[in-house]
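Protein chains in written order, with the numbering used here: chain A, 1 to 289; chain B, 290 to 503.
Because the hints were derived from the structure by calculation, they are not lab data. Note that this is a predicted model, so its numbers are computed, not measured. All C-beta atoms, glycine included, are put in the ideal place defined by N, C-alpha and C. Hints may be right or wrong, so weigh each one.
[What the hints assert, rightly or not] Heads up, simulated SDA-like pairs for lysine to any residue below, C-alpha to C-alpha not over 20 angstroms straight-line:
id, chain 1, residue 1, chain 2, residue 2
1, A, Lys62, B, Ala332
2, B, Lys335, A, Ala141
3, B, Lys478, B, Gly308
4, A, Lys181, B, Arg329
5, A, Lys62, B, Lys478
6, B, Lys335, A, Asp33
7, A, Lys127, A, Gly97
8, B, Lys340, A, Ala144
9, B, Lys478, A, Ala141
10, A, Lys127, B, Lys340
11, A, Lys62, B, Arg329
12, B, Lys340, A, Pro277
13, A, Lys243, B, Gly339
14, A, Lys62, B, Ala402
15, A, Lys62, B, Gly308
16, A, Lys127, A, Gln105
17, A, Lys127, A, Ala144
18, A, Lys62, B, Pro325
19, B, Lys335, B, Pro324
20, B, Lys478, A, Pro219
21, A, Lys62, B, Glu414
22, B, Lys340, A, Ala278
[To be verified] Not close to chain B: a few residues of chain A, all C-beta gaps over 12 angstroms, as computed:
id, residue
23, Ala9
24, Leu11
25, Lys62
26, Gly242
[What the hints assert, rightly or not] Ranges of calculated distance between the beta carbons of each label pair, as one might list FRET restraints:
id, chain 1, residue 1, chain 2, residue 2, range
27, A, Val32, B, Pro492, 56 to 66 angstroms
28, A, Pro64, B, His374, 38 to 48 angstroms
29, A, Asn24, B, Glu484, 53 to 63 angstroms
30, B, Gly440, A, Leu176, 52 to 62 angstroms
31, A, Gln105, B, Pro324, 28 to 38 angstroms
32, A, Leu176, B, His374, 28 to 38 angstroms
33, A, Met22, B, Glu484, 14 to 24 angstroms
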Amino acid sequence: MVPEIAARAHLQTLVPVIERAMENAGTRWEQVDGVAVTRGPGLVGCLLVGVNLGQAIAWARKLPVIGVSHLAAHVFAGLLEEPDLHPPVLGLVVSGGHSDLVRWQQDGGIAVIGRTLDDAAGEAFDKGARVLGLPFPGGPAIDALAATGDPRAVRFPRPRAPGLDFSFSGVKTALLYEVRKRRSISDQARADLAASYQEAIVDALLQRVEAAQAADPAPTIVLGGGVARNRRLREAAGARLGKAARLVIPAPELCTDNAAMIGAAALIEWDRRGPDPAPFDADPSLGFA
Amino acid sequence: MRLAIDTSGVDQALVVLDGRRQLAADDWVRDRADPPVLVRLDAVVKRAGGKPDDLEGVVAARGPGSFTGLRVGLSLAAGLAYARHIPLYVADSLAILARRATGDPASVALRDAGRREVYAWREGEPARRLPVDELAGWLPAAARVIVEPAGRLASWIPGLAHLELPAGERRPLSAALLDSAIWTFDSQKPLRYDEVQALYVQPAAAEERRRKTP
Ligand SMILES: [Zn+2]
């Protein structure tokens, strides 16, 4: 993404998008009780546009406003699937930019208990796809090709990060060696490699969730972020995690970045701490809080 | 009641006006420790004796200038305009800067663009971005030049430093913004929301390459 271009597009499209959303919802501003906006993390140019435009609307209409974390919203998106969502929750947020294992605690705060030491899971998919000659974005391409492959064809190493952290550089390198040592790759072999590579990433992710759950069981587990659209991850999570806890995986379109999850985050955060008392700035390096 | 916003440079300002009359204004120098601009906006509207519902139009400086400042000002303006269904305008930052000269507007306005480049504007031409080294050749001979930050011309081209308007001949940014806002509301067309955009002036070298590519 080019930050300058992204920020330019935000300025031009944000109001038309809001207008369309209001129209689709059949809502008039007189019916709106508050405004929620992403405070961070993300590209500063884009955040600036959202934070200032959202707060200007709220000010002009004398509405309360709440700034929320984009990352936390990936966990809170579970509310859109499960209206009775409440902490404690064990959450896995996996995307092109993040691989975080978190605990949404009883007091409402979110603590990160595991993170990636190198690539995010989404990056691992993208890089693997490139090695396999598949198009970008790599996640959906590998997901699709893996459907016709054998996940046990190649046993890729499982990431060996300590504790609850993730590391995907080893499995990526292993895939590169597998591809290099073959003179040519048949379509079936490529599908097998994709399925095996995907299996290694999915297994690594779920293994950490299981370990966290064993150490401190949570009644609910939520998966979120773009990688949570992965069909094998969703299926394996159901099989491996679904017995020990209530497993909540939002619909695929609610796993990738979306505004509905910001709304869900606002509902949850509003109950906990109310609207923000004063205007705030964008925070590109904001965490889950 | 109408509102003008210029957060495109180091000096920033807000003006609330009624017709051609200034009701309240705020001038400040950009600082990282500043409160959000919306805090100042709220205060200046209150000082003008108004409230959000009284707004009838808004204009924001569109650059060239600071990446951050421009996004703040344009987003605030777009949000206000949309929320209150009022017309939204933009004004060129260097034309506003030129109006900081007392008496007639300066014929040349320069703004530091960083990396030894300047945003340069002269009457009747669009803003451009020049390497500091090319500035001497571009400046008209008898120009009245206004520079942001003030006094910078001496460090760019010492021999021509006398062209820069002295501090005593500069007005606060808000005075220039008031004039620009009146002119804009009188003579310009409001924007559609999908037209809201910071003025992005290509570096001189890139512009040159673009011109040479058929
Ligand atoms: Zn995201």
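Which numbered hints are broken by the structure, listed smallest first?
2, 4, 5, 6, 8, 9, 10, 13, 14, 15, 16, 20, 21, 23, 24, 25, 27, 28, 29, 32
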